[in-house]
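Take these sequences, add in the hints, and give me the full structure.
So for the sequence shown, our numbering puts the first residue at 5; every next one is plus one.
Among the hints, erroneous ones may be present.
[Unchecked claim] FRET-style restraints, in silico, Cβ to Cβ:
| no. | residue 1 | residue 2 | range |
| --- | --- | --- | --- |
| 1 | 43 | 15 | 33 to 41 Å |
| 2 | 94 | 13 | 21 to 29 Å |
| 3 | 20 | 46 | 19 to 27 Å |
| 4 | 89 | 117 | 33 to 41 Å |
| 5 | 53 | 15 | 17 to 25 Å |
| 6 | 19 | 53 | 13 to 21 Å |
| 7 | 118 | 43 | 16 to 24 Å |
| 8 | 70 | 13 | 17 to 25 Å |
| 9 | 112 | 12 | 16 to 24 Å |
It is worth saying that the hints were derived from the structure and are not from the lab.
Don't be surprised by glycine CBs; every beta carbon is placed ideally from N, CA and C.
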Amino acid sequence: MLKSIARMPLKKRRTVAFLTALATIILFALPFSVYGPSDKVLHAAFFGTHALLGYQLATSERAYLLTVLGVIVLGAVVELVQSQVPGRQMSGLDLLANLIGIASAVALIYVLKGRKSNAGECLAARPLLTAARSHSALA
Numbered sequence: 005m006l007k008s009i010a011r012m013p014l015k016k017r018r019t020v021a022f023l024t025a026l027a028t029i030i031l032f033a034l035p036f037s038v039y040g041p042s043d044k045v046l047h048a049a050f051f052g053t054h055a056l057l058g059y060q061l062a063t064s065e066r067a068y069l070l071t072v073l074g075v076i077v078l079g080a081v082v083e084l085v086q087s088q089v090p091g092r093q094m095s096g097l098d099l100l101a102n103l104i105g106i107a108s109a110v111a112l113i114y115v116l117k118g119r120k121s122n123a124g125e126c127l128a129a130r131p132l133l134t135a136a137r138s139h140s141a142l143a
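Here you go:
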């Protein structure tokens with residue numbers, strides 16, 4: 005399936021990205037939630053999967069960087085939407101789990117591509133590292 009996405013025309017790729025983002029917002033806005041450590045694993049896995057899908061949708065390294073930033077913004081939007089849903093709340097730890105999932109996906113892609121696995125040298129990982137460092141400084 006991922007190879008077929010990579011062969012899609014750009015307009016269809018954008019449609020897939022939009023529909024995936026919309027489905028994410030709707031799914032995370034539903035008035036139920038999972039609490040505990042498994043919730044964080046779900047956040048990391050879900051947003052990591054988005055970052056992997058984004059790699060297939062991107063047409064260049066620059067486009068992938070923008071896609072990763074878009075997935076980060078999507079995670080923040082999801083948390084903001086959750087704050088407006090009765091029975092749900094916004095969580096900084098959920099956002100951190102989203103970032104960990106995204107960073108893991110970016111690292112996996114660069115390792116599989118045979119590039120240096122040092123995340124400090126990966127352009128797409130720099131915003132993630134900055135966010136993680138600022139979060140750890142606040143804690």
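Those earlier numbered hints the structure runs against, lowest number first: Checked against the structure, the hints that fail are numbers 2, 7, while the rest are satisfied.
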